[in-house]
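2 protein chains.
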Amino acid sequence: MSKPLILVTNDDGITSPGIGHLVEVMKGLGEVIVVAPNRPQSGMGHAITVGDTLRLKESRIFGDVNAFECSGTPADCVKIARHYVLKDQVQPDIVVSGINHGSNTSISVLYSGTMSAAIEAAIEGTPAIGFSLCDYSAEADFSHALDYVKKITEQVLQKKLPMGVALNVNFPPRRNEPIKGIRICRQANAKWVEDFDERRDPNGRKYFWMTGNFVNFDKGEDNDEWAIANNYISVVPSQFDLTAHHAIPALNDWEILMR
Amino acid sequence: MSKPLILVTNDDGITSPGIGHLVEVMKGLGEVIVVAPNRPQSGMGHAITVGDTLRLKESRIFGDVNAFECSGTPADCVKIARHYVLKDQVQPDIVVSGINHGSNTSISVLYSGTMSAAIEAAIEGTPAIGFSLCDYSAEADFSHALDYVKKITEQVLQKKLPMGVALNVNFPPRRNEPIKGIRICRQANAKWVEDFDERRDPNGRKYFWMTGNFVNFDKGEDNDEWAIANNYISVVPSQFDLTAHHAIPALNDWEILMR
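Protein chains in written order, with this note's numbering: chain A, 9 to 267; chain B, 9 to 267.
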């Protein structure tokens, strides 16, 4: 069997340590190609570049790994990798995104550029995983996660994924005890509560910094927040069909639906 | 009963005709407050502004309607409206977003700034609707949609929505026959197939325009693409829990899950 083709991307930008670790692990699993943003794209959600141009430049940042930096969003990177770099011919066997510097558990999956790249791949029918480390610090230690990154990627290469699904994998921060294992989870019921820090620029005009606190409402043990808090790796299957199928019967009760 | 407080936003920017129509309709239903982007934010998905500042400026564009233009994304607008403009005290009874110039059916819900504003409101527990007209032209005729915008908003104000759900409402373009009615739908199984138009700038450097064709794989009649094609208004309940719950049993079969 030939080596799998692995497309690597992220949202922290091609120079971030997290993607360096991911490329290193993937080199042991197959042929690697990198198309990643040329600057940080955190919080970009599923943004794409419309009404503006894109740049794409070869990069030697990973030595002899075939790599490109792109001016677009993570979702743009997956699209341009598929349709331009790979010319719609060879296609990746898997897309891996990350390793993100910071958590993408719970509601953060919606805001996550890391996961938007994985979901974009899932739309194309390619198995995909977004990896994130729940540690925002610039000197975050990824070492406890790397063997699991390899194992999870191997498992997905072997078993594939259900259609329409990408995996949202989060690693607990490095703690004094080893990781307890992997948990398949649902997205926790939690949200960010924002605050707006109002300041004045040197010209006296108002501006704001958005800050936020994460609030977890979820008392369950089958969710990603519980897993991370208890030193497990969380794996959430995430989908791009946003339809709330359970809500359809109630809406069909509307009086304004004249048939 | 006091008049409902209605927060209006969009992703085409505060000067676009679509939001003007929406504000006009909402003035007949309650007290209106507008917080909308100060420039087009199409394709922004669920992007938020992290690592950068936000500006917010009062606007008299809608006469005596309390309005603000914001430098951020649609999701930012909902957040700053709630936590700064309304100071976490009074909260909107409903959030309406749009009317978008162009379709947000099917997979486009993921890329849609219009819907990200509605989903952001749903996260906060506020009933919310994203309205889009399936007509991209600058001179698009919204007149056939406006009475339905009013009816649908009234229905949601009266019946509320299931928790965690926002409505994605799309109107067919104005055709020779009247709209046939409203259909509660699921998101169609369709995607965009991109192409990258490669050009050279005046300095000889490569750049790209991303273009795309919409491809519909869905043969069903219970989806939003079918509704629009058949001159119905589509209403899809959309949720922010991306968990593919149906995929959890298969993943629990992984060999690497040592418990």
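These are computed hints drawn from the structure, not numbers from a lab. All figures in this text were calculated on a predicted structure; none of them were measured in a lab. Any given hint could turn out to be false.
Since the list gives no way to pick out one identical chain from another, each pair is judged satisfied if it fits inside one copy or across any two copies.
[Unchecked claim] Capping the alpha-carbon separation at 16 angstroms, the derived lysine to aspartate or glutamate pairs in EDC-like fashion look like this:
1. Lys95 - Glu206
2. Lys11 - Asp60
3. Lys158 - Glu263
4. Lys95 - Asp205
5. Lys188 - Asp155
6. Lys168 - Asp261
Here's how the hints hold up against the structure:
{"no.": "1", "hint": "Lys95 - Glu206", "result": "between (48 angstroms within a copy, 13 angstroms between copies)"}
{"no.": "2", "hint": "Lys11 - Asp60", "result": "neither (36 angstroms within a copy, 42 angstroms between copies)"}
{"no.": "3", "hint": "Lys158 - Glu263", "result": "between (54 angstroms within a copy, 14 angstroms between copies)"}
{"no.": "4", "hint": "Lys95 - Asp205", "result": "between (46 angstroms within a copy, 12 angstroms between copies)"}
{"no.": "5", "hint": "Lys188 - Asp155", "result": "within (13 angstroms within a copy, 57 angstroms between copies)"}
{"no.": "6", "hint": "Lys168 - Asp261", "result": "between (40 angstroms within a copy, 12 angstroms between copies)"}
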